[in-house]
Structure formats: C-alpha cells, structure tokens
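Asker: Here is what each chain is made of, one letter per residue.
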Amino acid sequence: MTKAKKYWKGLAEINNNPLVEKLKQNEFTEEIPVDEFLGDKEISATSTSRRDFLKFLGFSTAAATLAACEAPIIKSIPYVVKPDEIIPGIANYYATTMYDGHDYASVLVKNREGRPIKIDANKSAPNARVQASILSLYDSSRLKNPLINNTESDWNTADSQIISQLNKIKQQNGKIAILTSTVISPSTKKLIQNFTSFYKNVSHVEMDSISYDGMLEANHLAFGVRALPNYSFDKADVVVSFGADFLGNWLNCDYASDYTSNRNPESGEMSKHYQIESALSLSGSNADERIQIKPSEQSGLLTNLYNALSGSKADSRILKIVGDLLSSKGKSIVISNSNDVKVQTLVNAINDKLGNYENTITLTRPSYLKQGNDKDVATLIKDMNNGNISALFTHNVNPAYTLQDSVSFVKGLSKVSLKVSTSLYNDESASKMTYVLPDHHYLESWGDANPSHGEYTLMQPTIAPLFNSRQFQESLMVWIGTSDYHNYLQSFYKDIDWNKSVHDGYFTKNTKDLKVSSFKSKIESFNLSKNTQIEFEMYEKISMGDGNQSNNPWLQELPDPISRACWDNYLAMSAPTARKIGVTNWNVSNGALNGSLVNITVNNKTYKNVPVMIQPGQAVDTVSMAVGYGRESAGKCGNGIGFNAFTLGNGDAKIELLEGEYEFAATQLHHTMMGREIIKETTLADFIKDPQSGNHKETYSTHKGKQPADMVTLWDEHDHSTGHFWNMSIDLTSCLGCSSCVISCHAENNVPVVGKEEIRKSRDMHWLRIDRYFSSDMTKELSAKEKVSPIDMYSEMEEPSVNPEVAFQPVMCQHCNHAPCETVCPVAATSHSAEGLNHMAYNRCVGTRYCANNCPYKVRRFNWFQYSDNDKFDFNMNDDYGKMVLNPDVVVRSRGVIEKCSMCIQKIQKVKLDAKKSGKRVKDEDAQTACSSACPTNAIVFGDVNDDKHKVQALKKDPRAYKLLEHLNTDPSVFYQTKIRNKA
Amino acid sequence: MNIIKDMIQTKYFKKYFLLTILFTFSIKAFSQEDGAKIFKQNCTACHVLGETKLIGPGLKGITEKRDKEWLKKWINNSSELIASGDADAIAIFEEYNKVAMTNFYFSDEEFEALFAYLDAPPVEEAVVATQAPVIAEEKMSTSTQLMIVALILLIFIFILTSVKNSLKESLGQETESVTEAVKSNILLFLSNTFNKLFVVLFLAIIILKFVYDAMMGVGVTTNYQPEQPIAFSHKIHAGDNGIDCNYCHVSARKSKHSSIPSANVCMNCHASIVEGSIAGTTELQKIYDAVGYDPDSRTYIEGYEQKPIEWVRIHNLPDLSYFNHSQHVTVGQLECQECHGAIEEMDVVKQHSELTMGWCIECHRETEVKMEGNDYYTSMHEKMKQKYAGEKITVDKIGGLECGKCHY
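Protein sequences, first through last, are from chains Y and Z. Letter 227 of the first sequence, counting from 1, is numbered 227 in my numbering, and no numbers are missing. Add 1000 to a position in the second sequence, counting from 1, and you land on the number used in my numbering.
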C-alpha cells in the first residue's frame, strides 16, 4: 500500500542536473590533492613503510610519555656578591619622579629582585598613564643602540661625529637649536646653559604637545609672570570650567584629591561644579551641572560672564553661574581650555574680579609643568625652512607627530645639517634624524624636577639601563667635554641633605614668593558666535594622553571611561547630529558595536574612512576626536591605530557619510540602568534632609509582612566573628572614573592583554571595570504620569539623554558571603574564606564557567587562550622584556581557567605576615588593595570590619552604604556609598 | 649456647659492647678532643693541619719541627720572641710579610691538649669503626624482613610436607612431592566459588593500590638527590662545625625564599680556609672561580668577570602554590629539620619530605598556632579560646586549609 517516498534535495536534483549526479558519486566536492602528495619523489623514494611510520609514532608517543614523568632540572642561581639591600622575595621601594615631557608625578617604585614592577603614589597620586609607564620601561620596541642614518652604531662613533660637526658649526657661527619638551629640571636647564656658553649660538625652544601657550602668555601680559598658576580646588566653593578637563588631563596636575576633599556630603557642604563644554570630558561627567556649547561660543559666553559680573544681563544659560560666583567671591575658580591669549586674559580678568587670585589661584607660587612657547616653535620652524639652523637637537618631543603643521617641520628638517634626537623610540621625528640616540627611561635615570615654586622632587634609577642607552643630560655633558651627570646633580644640590632627599623623593626650598604685578591687561570683548557649521575639537583621552606611550598595551586596552571603547580613536558625535548626517551605530549578533564611516575635513586636511561613535553628551553639531592615535612609528602595538587628530586642529568640519562599517571594541554595550537601582543617587539637599535618601532597601512580601532580602534568606551564615573580615567601601560621590585603579590592578595581578579582536567578543580580562551609566529622559515616574506603555517606556529608557547625567561605578568581584559562584562549581575551585573573601584556585578549575554564568555581577573572567608566550597575543606577556613587569607573587593564569579579583590576597597575606612577624596588630593604612592605594580621591576604602578603629567599619554602618543588587541577597563584602550630586 | 645467643641479640649487650669500644678510644682521645676544640676556636682562621699556607704556615708535624717550649713562647707572645732576637722567629716573621700572630696566653694544660692534638691529628678511622656496626644493625629493610618470613614459611611447607609424607608412608598411602601438594591444595581452595571471588577481588585491590600509588607518585620527588656543581657538604658545615642554618640561608627568617647563599657568604670563611677536609682544594676552587679569588696570594683578582654558581634546585614547589619560609620559620617557629630532615647529617642534600598538598594539609591540621606572646593574635586568641573551648587551636582553625591562602 505504502509506496516508498522519494525526497529530492532540491530542484536541481529533480531536474536531473548532471552536477548533482557527479557530486553524489564523489565523497568530497573538491578533489583531494592526492597526486600532489604522492607525486613528491622524495617521499616515494624513502623506504619508510606504513608499519614503520606507526612504529615511529608509537615509539615517540611512549618516549614523550616517559619523558614527561621525569621532573625537569631547575637551576637556582644566587648572586655572586649579593647587594646588601636585596633580600630575594622582599620588595624594595624607591622614591623617584615620573616625567616624560607630558605627565609628571612623584612616585614610589616597587622593586623585586632588581626589577621595578609597580608604581605607587609618593607625593602625588599617579594617573593611569603614570601607573602604566612601568610597562613602557620594558618595551622591547625601545631604541637599543645609537643609530646613525638608521644603521646601528655605538656611542663613541656618534659622539665623535657630533662633536666634530658641532665644532665646525661653532667656527662658522652657525645656529644650533635645542628643541625639548618643557624642562622642569633645574639642573638640565643649567646644563643647557653650559652647552650654550660652550657652543655660543644656541637657542633652547620648549614645546608642549598640548599647548598651554595662550594661558602662559595671558599670565605674562596680565601679571608679568609667564607661568601657570596653582589652583586650590579644595578651597573653591564654585568651580566653573569652560572646557578644561581638570579632573582628567588639563595641565596634567593631580587636582582630583583637592577637588573631592571639598565635596564631602557628610559635612553638608559640597562645591558646586559647572562644566561648559562640547565634548563630554571626565570633568564634565562629574560636574553638578553641565552646559553644552559649541567651542566657538566659549569666548562670547566668557565676555557675557565678565560683563554680567558687573551687573549687565547674563545669558540665560549662565544665569545661575553668575549668581553663584557673585555669592562666593574669593572662593571660586573659573578656568578655560582655550589656547587663545585673549580668551585666557578674559578668564584672568574674571578671576581677578572675583578676587580669586592668592585665594584659590596662586600665581606667587606657580606651577612650572608647562612652559612651551608656540611663538618660539613657529620661529624655529621658519628658521629651519630658511636654512638658518645648522644643528637641531631634540629631546622628549615628537614634533613630526604632535605639531598641527608637522609637514613644514619635516620639510625644514631637510635643511638642517646636524640632526640629533635623544629619544626612547625611533619615532616619527627621530626616524627623520641623522643621529638617533637612545635615552634612558625615567626609571633608569638620575634627575630632578621643580614642578612648582619651591617644590622639588628627585629622580633616581631603579634599574640598570636595559639597553645601550644614555640619558640626555649625560650626552649634553659629553658634548661639552665633561661627564657624569650623577655627580653633577649631587653638586648642583649641595645645600640639601642629599641622602634624605633621595630617600624621600622630594624636598622643599624656602624660596620667596614671586613678585606678581596686579592685573592689568586690555580686555577684548567677544560676541556670541552664531556658527552654524559642525565644529571639530580634539581632546585627550585618559588612556592615551598625547600618545607618547601609545605602544603600551595596558593603555591601549584601557577602556575610555566615557565611551568605554578601547584600542581606537573615532569621531564622537551627538545623536541628533548623527541622525542629521545619517550616521548610525548598531550592535551585531554577538553584541559588538559597529558604526558608520565618514570622511572628515578640518582646516583643509581630510581623513577618509573615519569611524563615528555616537556619544551621548557631545554637544549638538560638534564632533571631537582624541589625540594620541594614528602613530606610525610607535612600535608594534601602537602603530596604525586610528587617526592623528593633532594634524586636524580645531575648527569647522565638513563631514561626508560613506558606505561601509567599522568594528569597535567596546567593553560596555548598554549605557543606561533601565530604571534599576544599580547606582543609587540623591541630591545634596535631599541627603541633608534624610541621609538615607536614595538608598531605600527593596523588600519582599512575606507572611511576616514586608521584609528586606537579608531577612528572607536560605543561606547559612559564615562565621566572621574571629580574625579579619575584609570589606571594601566604594564612594560613588568621589569616584571620578579616572581609571587609575584599573591599571594598578593590571600591574599588581598580572592581568593579561587580549587585544582588540577578543575585546570585541567580550573576552576582556579586566578584573576591575568601571561601569559608566548615562541617565535617560524616560523614567518610570514619567511613564506613569504620561501614560506611556511599558514597551515604549523600556525602549525609550535604552536611549541616553542628549546631555545626560553620568555616574561611574567600579565593579570588581564583590566577594559575596552568599556566593552564587561557589555553589555551582563542580570541583570546588572557588570557595569562601573565613576572612570574607571568595577564593579562586586556578589549578583546581576545570573551566566549566558555571560560576561566570551564575555571577550576577559578571566579574569572572575566562582565559579563552593562553595569553602568555603565545604569538597570537603578541603583547607584553609574549616578550622577554615585557614579562619582567610580572608580579612574582601572583600566578600567570593558563588557558581554560576562570580568574577574577582576589582582593589582592597576596597583599593581604603579606600585611598579615608582617604583623605576625613583628608581633603587632595590622595597621589600618597597611592593608590596601592595588585599587584602593591607587585611588587619588580615596573613594575606595579597604580594611578589616572587625577592627573597631578602622574607617571601613563606620562606612559599613553609614546610611549611604548599599550593596550592589542587594535584593539578590548575595551579601557582598564590597559595598557602595550613594552618589550625591550638588544640584536642586 | 642459647643463653649466649640471646645475649648477643639483646640490645643491652650491643650497647655495652659499643660503649667499651668507645671508652677505650676516649681515654686516649680525651685530651686530644680538648685540643681539637682549642685548635678549631683559635687557630683555624689562619692555619690548617696540612701543609698549605693560609695566613700562617700549615701545622702538619709542627711539634716535631719545633721545640715545644719555643712553640709556647711563640704562641703566647710572638712579638716578644722576635724582639728577643730569636733567629727562627725573625725568619718566620719575615716570611709571612711581617704580620704578627695574635697572642693567645694559653695555660699549660691547654698547651698540653693542643700539642697532643697536633701530635696526632684526628683519627678518622675511629669514628668509622664505632659507627659501622650501628648502621648495619639499624638498616634491616622491610623487604629483607618479608623475605626472611617467606623463607621461614617455605621451610614450614617443606617440613610439613615431609612430615605428612612420612606419615602417609607409614600408612602405606601414596606420597606426593612438595609442588604437587601445593598445587592440589590451591586447586582445592579455588574450587570454592566464594574463595575464587575473594582471590580475584584481593588481586584487583592490590593492583588498584599499586596503580593508585604510582599515579599519586607522579611529580612527587621525595629523596631527590641531584648532583650539585660543588660537592658542598651540609654535614661538615652544619653538622660537624655547627654553623647555624641562618648564617648562610639568611632570608629564611625574613622572606618567602630561604635563598641559596651568594658566593660572597662562602668567602667569609673560605677566604682563609682554602683547603677542605674531603676534597681538598678542588671544590673550593670552584667558589674562587666564581668570585675571582686567588687562594695563594689571598687576594681578589681585579676586574674579574664573576660567574654565578648554578646550583640545582632540590625543593621545587610548582608556581601555583605560594610558600613562605618566614611564615613557618619565624611565625610558626618550626625547625628547618621538620621539613628538610636531618640536613646536618647529609653530605649530599636530598629532598626529605613529599612536598605534596596532602603533606602540607596534614601538618596544618596537627600543628598548634603559636599565639602566646604575639600581639597580632591576642584579641583573636581570646575569641577563639571561647569558640573552641578545650580544643587545640591548630593552623586549620585560623584558615590554614583555605585554597586562597596558598593558591593565588
């Protein structure tokens, strides 16, 4: 009855296509290249039979198995003569100074067995780039030998050639120029003077990659002092910043701790911070109120503000600012990022009018960190092109990359006969020089610094030079026939206690205050601009700075705190502008972010195929792009990433949408909290009324009535009554998102770098991430009021506001006391300690990733690959030099295991052991994690809650304290403090 | 007969016997031992008992070469003797670069002891003779014991079979050889299913046990005793000369590593002790090659390129486990020997303990925490005493078994 049904695989088969018939016969669609293999005469000539092959195979397998049983012989090689100060296994700390021409910090360097492995704060809190500079020391892309015409040579040859040419130039009275970054070292300045008096016709030109010339000139004109003032943000009740990212990169000063010290909600007083800017900066995202303007509007608004302070009508946008400024005269700061002398003069006039000078702004004891002179640089380039410069020496600068008009610099270079660069890398500028002389890294150098009036810090070598390098100062001395910079430096500071100062890393001199004339300057008025063009502005990223460390994989992989993207720069654009142009961003199937490509033309310079990221907070009709990318000679890791924004310069932009898409690597793909209380926040006014405001616990309905989660628990409690109970408090009010902790964690815990491709697959390995949330225009309250349907409400909630409120939240392993990860691990590789920590035994982990699935905080990281000694991940862990930065107390994880924040257990164990050995109790300040010690604002406080005297105990009982996703009752050892904004 | 046999086998006899031997030696050695002590404490810095020159001449046969009274004067105050115009004294003074010898002022008894020692330098054989029988007695391994038992059992089987055979013979039954008897008995035993099962299970368990032991032994390197680049003897240094472990392994009290001493530590003594007691100068020369030292002129060679000594590491913990010496030595107050065995008796060091996790944990379960007198523990101790009333507070009770304490 039934007839066997016939199924066709397709129409082709039913139509009896001969191809289908042929394919049916063949097992493989393509012919296997058997002939190619068998045709090899050498193979057919051998007498090895298949049996022999199997025998060999069997033998080698057996041999390999047997060999594996044998333990390898491990050598232990002690010193021949052990230096007294080194005890293997115990770290030494050296105080030194970080200065690379851009960033400055007084730091403490942790050394293990002669290798610097970590940077901690000494006098100033090191930012992310300073922290990461320890890895730049071990960069194998650094210059290893002197280069003459791009071939390796030696110092004697280079020196003798340079000296003979210098003497020739001296006889001919040729002009010699030394182009350096700002020199903050008094002894180097003296050496340059010595050099000048030796070779006569020498000019010293200083340049900053990000120029502050406008400000310096304005101060010179108005007060007779060509220096930058020191700002006291701790004394300022009102801070008004016109585009100056003082919490990020502006002036490269550590203002964060001062700023937060005056923003303490417990005291009921918080400074009021207004930020008026176009691109969303770190300062802007922390501001109490942020006003979006176009860059061209700044001067007009400042004029308006200046006039309004005298009573004229204020622009509606700054009405509140005028009132606040007038009510706190002498206790406010107004700053601007403009590099225009006239604008900065206006800012000076405003501050003078408000009586801020010598109250919150000190010019009598100024900062010397930036002294670059644009006019001098322009003159130098003109002279070079006119053939007036016979010799050019560069140090710590990369003008062929950082100058907007780098083309004319390079052109002028060809007319200079003696070109010498002292540099760490054979970078864009150095590679165009005749002599490229490897400079010491600052960790290999002696040196001094005079960051601000009367303050001095010293630099000492923490490791013997890794390569055949010599520091710039030594070279200067050799060329004038003297030697030994170390002795020179010591005799330069004859009047101080040398040993003590080197030990401390700093000293102060009782110098008289500078004489500052009272404000006198012509003030120019600006009209409010009505520019309808799209305006372009370049900015500095927290991670990359001016790009001098762009070969540092830690920094490349550090997510930008605002955009959360890494390994890239891009054009940031606001959503309305994007809609107008037709630019879109979208997520592909694995969640990764893609974006449109455009051509952009600014100041007649065009970049093609530039990716656009839609950035909430970016002012409408403005675009911005970070500098520090687009390097060509940075090294294997920094080359060819993004575009060089320096060459564009600020100005009007023409943007043209292209076909095609770009793949971003972003570590956060969702930007709003969708109405959940992940970050709890309130305003200062509400907080004063009710300290619990914004921090109300979610409750469950039970038979006993409404109960908070911890009262309806199924968990057995761990006994934490004896011993330590480590807890961490993170204050969201003082967390500024600076990412210093992230790099500190990398260095301390051997966190691997995985590269852009892996980040795109959400396989980032950061143990500590800083989540950033934007506010949305849609809220649950609003939807209830306006009767918006839930579906519409949620889809609108996904969209951040055009000018959103921003909040940062560092999230690491929360060390839950009711840990969801521990219960699901099939091999008990993760377990709980009596001290309240969630342990992770890598060697026990079999890689099921159940724990990562069950973690509500998503802080567990899986090693998809072996990231060390793997050519596919050619970063610092695949490099003999790069590996020297690894912390020997922490295991380098292998493939197939989960890893996560251990609360720096190696540091905890060390502190405990030190206490046990000395028979004393653990001191509060000693127990620190890498993140807590790196935090410039003390937002992260770590300690023992069982210690009655420890700050963290009080913080745990604080009405602001809350636990992340508290309703899940995971009872974490990490808790947060409600974010408080100073707004109505 | 039996009584004498018993006597030989009793431990008492052995003890008395050995003591008598020792005693006969010690009568003669009494003053000599004193002399040895004096020699070691005062003379070894500059002299050896051989012919080699150190700071001063080698002292082999010195008591025959010089008059004892002259020697006494020289040792008590050499400069006085030189000043008195003694020709020999002046000659020696000149020969050794006019370095005056330290004045010692020994008593006559001390001189007697010293001369007795110098007359007859240490008798190595005596030590060997007294030790040899002890070693032989103590070293009967388990396998030898088992073999003896097996032998006895075998003899039993023979005896019983022959008894049985002779009985059978007397009854006129067929006799059977030993092998036949064993075979038939085994077959009889195995004809029972339960017995068969038992044997199979028994064998299976034994095999499994062997496999398990073999697997657990992978990577366990107890008794690992590699050859070192220098035949350094802990027995001579730590045992015979009683040098404190911490003198060379300085960082054991302070750091995670006990650290192999750098060659400059060796040179503290071996700048003057240029001849060893086992290998003479060959092994010491390796240190001198490392640091660049000329033992003849006793000077360091200028501009020498120093070569570190590549010791073979014996105790290899894998990277995944963190171990800290100071935690155990300083805080836990353990003796080195508790983990490393009788190092002071080893000529060539070997790994004494298993260094497995089970071994660590076992110790952590049994060892009591030394909390008394350490202020770090004081408040914790009070609470723990209440919590574990009457129990010992062992390392595991303060978290010594938690994964993260060693693995991070």
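Among the hints, erroneous ones may be present.
[As the list claims (entries may be wrong)] Chain Z is faced by these chain Y residues, among others (derived, beta-carbon under 10 Å):
id : residue
1  : Ser153
2  : Thr157
3  : Gly651
4  : His724
5  : Lys910
[Stated by the list, open to error] Footprint (simulated), chain Y over chain Z, 3 or more residues, beta carbon under 8 Å:
id : stretch
6  : 1104 to 1113
7  : 1344 to 1353
8  : 1358 to 1369
9  : 1380 to 1390
10 : 1400 to 1408
Don't read these hints as lab results, they were simulated from the structure. The model shown is predicted, which means the values in this text are computed figures rather than measured ones. We put the CB at the ideal spot given by N, CA and C, even for glycine.
Asker: Now look at each hint and say whether the structure bears it out.
Answerer: Here is how each hint holds up against the structure:
1. The beta carbon of Y/Ser153 comes no nearer than 25 Å to any beta carbon in chain Z, farther than 10 Å, and the hint placing it at the interface is violated.
2. The restraint placing Y/Thr157 at the interface with chain Z is violated, with a minimum CB-CB distance near 25 Å, outside the 10 Å limit.
3. Here the hint on Y/Gly651 is broken, as its CB sits about 53 Å from the closest CB of chain Z, past 10 Å.
4. Because the beta carbon of Y/His724 sits about 9 Å from the nearest beta carbon in chain Z, less than 10 Å, this interface hint is met.
5. Interface restraint check: Y/Lys910 against chain Z, minimum CB-CB distance 9 Å, threshold 10 Å, status holds.
6. Coverage of the stretch 1104 to 1113 of chain Z by chain Y is violated. Counting CB-CB distances below 8 Å, 0 residues qualify, and the rule asks for three or more.
7. Here's how the stretch 1344 to 1353 of chain Z fares: 0 of its residues keep a CB closer than 8 Å to some CB of chain Y, so the rule of at least three is not met and the hint is violated.
8. Closer than 8 Å: that is the beta-carbon criterion, and the stretch 1358 to 1369 of chain Z has 0 residues meeting it against chain Y, so the requirement of 3 is violated.
9. With 4 residues having a beta carbon nearer than 8 Å to a beta carbon of chain Y, the stretch 1380 to 1390 of chain Z meets the requirement of three or more and the stated coverage holds.
10. Only when three residues or more bring their CB closer than 8 Å to a CB of chain Y does the claim for the stretch 1400 to 1408 of chain Z stand; here the count is 6, and the claim holds.
In this structure, the earlier hints numbered 1, 2, 3, 6, 7, 8 are contradicted, and the remaining ones agree with it.
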